[in-house]
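Letter by letter, the chains look like this.
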Amino acid sequence: NAGVTQTPKFRILKIGQSMTLQCAQDMNHNYMYWYRQDPGMGLKLIYYSVGAGITDKGEVPNGYNVSRSTTEDFPLRLELAAPSQTSVYFCASSSTGGRFVYEQYFGPGTRLTVT
Amino acid sequence: DAKTTQPTSMDCAEGRAANLPCNHSTISGNEYVYWYRQIHSQGPQYIIHGLKNNETNEMASLIITEDRKSSTLILPHATLRDTAVYYCIVRGGRSEKLVFGKGTKLTVNP
Numbered sequence: 111n112a113g114v115t116q117t118p119k120f121r122i123l124k125i126g127q128s129m130t131l132q133c134a135q136d137m138n139h140n141y142m143y144w145y146r147q148d149p150g151m152g153l154k155l156i157y158y159s160v161g162a163g164i165t166d167k168g169e170v171p172n173g174y175n176v177s178r179s180t181t182e183d184f185p186l187r188l189e190l191a192a193p194s195q196t197s198v199y200f201c202a203s204s205s206t207g208g209r210f211v212y213e214q215y216f217g218p219g220t221r222l223t224v225t
Numbered sequence: 054d055a056k057t058t059q060p061t062s063m064d065c066a067e068g069r070a071a072n073l074p075c076n077h078s079t080i081s082g083n084e085y086v087y088w089y090r091q092i093h094s095q096g097p098q099y100i101i102h103g104l105k106n107n108e109t110n111e112m113a114s115l116i117i118t119e120d121r122k123s124s125t126l127i128l129p130h131a132t133l134r135d136t137a138v139y140y141c142i143v144r145g146g147r148s149e150k151l152v153f154g155k156g157t158k159l160t161v162n163p
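For the protein sequence lines, the chains are A and B, in the order given. So the number in the working numbering is just where the residue sits in the first sequence, counting from 1, plus 110. So the number in the working numbering is just where the residue sits in the second sequence, counting from 1, plus 53.
Pulled out of the complex, with its shape left as it was, chain B reads as follows:
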């Protein structure tokens, strides 16, 4: 599975959009981009995933560049409860495993 690079930490004001970037320049054609988050000490929570098209669900939007070498997770109206570590993970659709890096610590400030 391809490696990902994320900023160590980010801050966002409550009510504003949070845009979390992820670089995955070695991604291959059959690999998906997944996002999970981990709120303090809890188990990770699945947010969204995509292959090449942009995706949106009730939690977030995922924007993948045309060359698929990077992506951005967007939380449209961040709340204090969105403060968490966000993990960007690349894996093949048939791969059983997730490889977690250190993620991005997002702090939403009042």
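Okay, chain A solo, but in the shape it has when bound:
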């Protein structure tokens, strides 16, 4: 298994541009998550999904959009990029057993700079 994969690894955007960060997992996990991590800080949850077609906001959703059309993929869309969105973005996934949510597996991250 490749686990959780993210593309691109690095990206530089100009203010006002848009882009999509890709995330895929091959573990058949139903839960997927997007986090951002600013320098010296812990991760903050942007959006998450409990299954295909279902998404919900996390702690810091403003300026982002997500969709979940398949179990495997969970892209994060940035519209009108701003310098405040300069960060490292991590995607994660987890499985469930009954109603218990198991540990999260993280991708390698995407470093985004908005200038």
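By construction, these hints were calculated from the structure, which means they are not laboratory data. Note that CB positions come from ideal geometry on N, CA and C, so glycine has one too. Mixed in with the good hints there might be a few duds.
As the list claims (entries may be wrong) - Anything over 12 Å on all C-beta distances counts as not near chain B; from chain A, calculated:
1. Gln127
2. Asp136
3. Ser159
4. Gly173
5. Leu188
6. Thr206
Stated by the list, open to error - Some but not every residue of chain B turned toward chain A, in silico, with C-beta under 7 Å:
7. Pro97
8. Lys150
9. Phe153
Guided by the hints, dock chain B onto chain A, whose structure is given.
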């Protein structure tokens, strides 16, 4: 989910045990203690979790006090590759979310 308190940083000599403390005095009965670590710039990695009993796996041991208000992650023989930020997180078993604090920066010295 209950809040956790961890020291900002710790040092440990290579080959010695690293004991990382975490306070979670407001933990409720159905909440688990999770530990993750983040090696420089990589995605966080799950280490171990527990409810009330002590737990051990191939990476570490987790000791939870009887009143569940604190816990200690033990890396029995720390290596240089264990240098990382360690996050202690409390969450309910049915909760989808992890709330990350700033964690403890563990430096293993040769």
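Status of A:Thr206, Cβ more than 12 Å from any chain B Cβ: 9 Å, violated
No chain B beta carbon within 12 Å of A:Gly173's: Its Cβ never comes within 12 Å of chain B, the nearest being 20 Å, so this holds.
Verdict on A:Ser159 as a residue remote from chain B, using beta-carbon distances over 12 Å: The claim breaks: A:Ser159 does not keep its Cβ more than 12 Å from every Cβ of chain B (closest is about 9 Å).
Non-interface claim for A:Leu188, where every Cβ of chain B lies beyond 12 Å: 19 Å, holds
Non-interface label on A:Gln127, tested against every C-beta of chain B at 12 Å: It holds; A:Gln127 is separated from chain B by about 24 Å at its closest Cβ, greater than 12 Å.
Agreement of hint B:Phe153 with chain A interface, Cβ distance less than 7 Å: Check passed: Cβ of B:Phe153 comes within 3 Å of chain A, closer than 7 Å.
12 Å Cβ clearance of A:Asp136 from chain B: About 16 Å separates A:Asp136 from the closest Cβ of chain B, which puts it past 12 Å; holds.
Interface hint status, B:Pro97 versus chain A (Cβ within 7 Å): Constraint on B:Pro97 satisfied, holds at 5 Å.
When the least beta-carbon distance from B:Lys150 to chain A is tested against 7 Å, hint result: With Cβ-Cβ at 6 Å, under 7 Å, it holds.
Hint check: violations occur at hints 3, 6; the rest are consistent with the structure.
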